[in-house]
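Participant: Given chain A, put chain B in place with the hints provided.
Residue numbers (our numbering), protein chains in the order written: chain A, 52 to 549; chain B, 52 to 549.
Not one of these hints is a red herring.
No copy labels: a pair is met if it fits in one copy or bridges any two.
Once the Cα atoms are required to be at most 25 angstroms apart in a straight line, the calculated SDA-like pairs of lysine to any residue come out as:
1) 439 to 395
2) 100 to 110
3) 178 to 427
4) 178 to 433
5) 100 to 186
6) 100 to 337
7) 439 to 223
8) 439 to 243
9) 100 to 331
10) 538 to 526
11) 100 to 58
12) 178 to 448
13) 100 to 73
14) 100 to 61
15) 100 to 77
Read the hints as simulated data drawn from the structure, not as lab findings.
Number of protein chains: 2
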Amino acid sequence: MTAAYRELEARFARHAAIGEAASMLHWDMSAMMPTGGSGARAEQLAALKRVCHDILTAPETADLIAAAGEGTALDAWQAANLREMRRAWVHATALDGALVEAMVRTCAASEMAWRAARPANDFAAVKPHLEAVLRLVREVGQAKGERLGCLPYDALLDEYEPGGRAARIDPVFDDLAAFLPGFIARALESQAARPAPLPLDGPFPVATQRELALRLMRALGFDFDHGRLDTSLHPFCGGVPDDVRITTRYDEADFSRTLMGVLHETGHALYERGLPVAWRRQPVGSARGMSVHESQSLLVEMQVCRGRPFLEFAAPLFRAAFGQDGPAWSAENLHRRAIRVARSFIRVDADEATYPAHVILRYRLERALIAGDLTVADLPGAWNDGMKTLLGVAPPDDRRGCLQDIHWYDGAWGYFPTYTMGAMTAAQLFDAAARALPELPAAIRRGDFAPLLGWLRREVHGRASLLETDDLLTVATGRPLDPGVFKAHLERRYISDI
Amino acid sequence: MTAAYRELEARFARHAAIGEAASMLHWDMSAMMPTGGSGARAEQLAALKRVCHDILTAPETADLIAAAGEGTALDAWQAANLREMRRAWVHATALDGALVEAMVRTCAASEMAWRAARPANDFAAVKPHLEAVLRLVREVGQAKGERLGCLPYDALLDEYEPGGRAARIDPVFDDLAAFLPGFIARALESQAARPAPLPLDGPFPVATQRELALRLMRALGFDFDHGRLDTSLHPFCGGVPDDVRITTRYDEADFSRTLMGVLHETGHALYERGLPVAWRRQPVGSARGMSVHESQSLLVEMQVCRGRPFLEFAAPLFRAAFGQDGPAWSAENLHRRAIRVARSFIRVDADEATYPAHVILRYRLERALIAGDLTVADLPGAWNDGMKTLLGVAPPDDRRGCLQDIHWYDGAWGYFPTYTMGAMTAAQLFDAAARALPELPAAIRRGDFAPLLGWLRREVHGRASLLETDDLLTVATGRPLDPGVFKAHLERRYISDI
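Bound conformation, chain A alone (with noise of 0.2 angstroms):
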């Protein structure tokens, strides 16, 4: 190991602790800061981000990282960390700061357009600014797949899926879309064919929520010596690996929402958690990207917590939290309402079996609109003609249609398909876990779920970014990311009733 390296180590561990202070910033922005904070705060955030900017821009940030890799004998955790950090660099010093900072302001406007926008259901009034936004990212797409030797829109999904790749994920979502529409007809009519579910009876108090959340967060395994649990307007996980915090919202006539989107945040939880202690703040021991990320939340989410094993757990706390009982209350029935599927317009909202549709469908936009093949005038159209094809139905007004995301009027290019690479992986992890642990469906029903949790510790969390994407997958799973198990994961809970 040579010095240089050492040095890098220091310099990224100082750069790292700076993006910390900006994440437990974050954290309280949304959950604690009164409105008349924001002024100051942004001015923060923007301090930070300009330091740690300047870190990894520093001139001699890229001699030590061409002196770090020379002739030396790293282990396998310094060669991938000293590798992330080439990758951290290289998207530091792609940009030049013109561009940076247009970004910045065009993202800025456009987000406060769209804001205005979407309740308006007035797409022409953010489209100049939906173009101006398209036009710089595909500049930033350019610049950066110049450097590290992909396409434009490669080089954005790198910043969220590091090492992802659309020629990785388009055979995948290929075999996905040809599935999903008949897979959905058949799932719906399988539905049809059984009773429906029985309603529950709020009012639900949200402190009596909270305390379940909060129960069944700790069963999972969530530390709070090393964590919180608040509440913001937009459920999110938070924080830093030693200090978790996740926030959720409460609507007292429907709890069950309010406690899966805590169960989903608690699988991120998890995994920054169980991220390795000995790499704490260097690039390796950083979750290894947004796919595998939303694979832990979907895992816990999706996998775990909406199946029967799960809810003949839960079920009992539910009665008794709420003080109620009957039919409704069996886990039979939570079990029906946790898996209802049907078509619709929102993303958000949807389930679990039509979420990939429109996942898709933002993924083959975006990239479209990236390589110049569609302009932001003929969005609304595509939009509302994906939509048909893969879900069936296409929304009324664009408010429920192209303009119901964030995403692209805020700057966020190449992020969409990491939700349903995630789900694909969830499925394909979960069931190597119950591979591997025969004993794991009597163990969630006990609610002990120490044997999933160790299994994920080892395979995943504590790999944190030693590894590739597919190959952490390879090596956890025996193959790389296989969509048969996630669509067989679709056959077995939708219509065989499994």
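Facilitator: Here is chain B on its own, set in the frame of chain A:
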């Protein structure tokens, strides 16, 4: 205005924004953070501190400071800003890196030893640590004194009280030290001649105390769009001017301690919030120093809220909140309780009349220790002698003597005098406000604090660090600090019973 000056403003804005980030993280650490987050938080804060230090000590900063003042017309605020920039820069550059690091390490070890030694009443255990701290603090005072052109003690004081000098404090404290022993005896006599105040029967639910605290904060002018009230072990005022975070702790057996604590922190908060918006994140836009800061908390708590007019406003609120009534809940009885005097060993529990004696003792001892006229070995004896002289009681052990305060063990030397300078400043400011606003007692009696807040905004808050402390007081009250005003206040409240 030169380009150099403008560039300095940009640098200091960045410096301040990062300092603000650290301030928010300090608040979170005390009010929100789970225990397991402390290691990561220490890394975050250390990284921010280093960035701030690097900005101040960069060679460009020195060049800009030298260039900014040259033959250019700065207006009064800009000139004061440059003066405060230079002050911050001198403090940052006076010490070499090795001394700064030794201070951090030695103080951390000493604080840890003190945390164990205090409950164990074991001064011997912490003595070598305190000696090590003192050695370094004397070095720091020496180095900074050379740069500032003042004595080592003054240089230490200057960190908390910019421009503060022992030569200004000595006559003031000597005057007070001569006055206090006789005054305390007379106050106790006068108190004994009156019937003892009636007890208030609790318990007082935490939720009710909190509601009451919020009600009083609102009345005083605390803006909840720009601040919060939370809970922490040691109450404090933190955050930033646009997002002020104050904390308290609750005791179900005694609500008045909580409320008076909240009102004290509210005084600090109103000061921060009233700093001039045009000078946010610039040195001249910051609070003037610790004695002026303490004057704002003590003006609210001691001058206003322990006085009869305020308690006539508050008594009905207390009765309604706790559903109580009867003579114990009269404004007069609440006032009697709020101004109770007792000789005691512990500074933080001391009343308004005896508190200055505690402070003068510490001031004299720390000056002697820094000057080399007193050794750490002789500290316990000197402490007890001083208590006897100033307060007429000597503590039965070091736990209630020289082990009680964290300050010296943690490296905060030169801080103590600001408490009592603040108390005297508060008396003088409130006296001036009362002269300027003849209707003030009537306004307070009906819960209208706008006239007082308006006066403070104009005369103190809005001036930030434009003037040096003495000049600020002279402009606001017509003369520099005059201990006579504080003594007259004590006479009126504790002897004449007005």
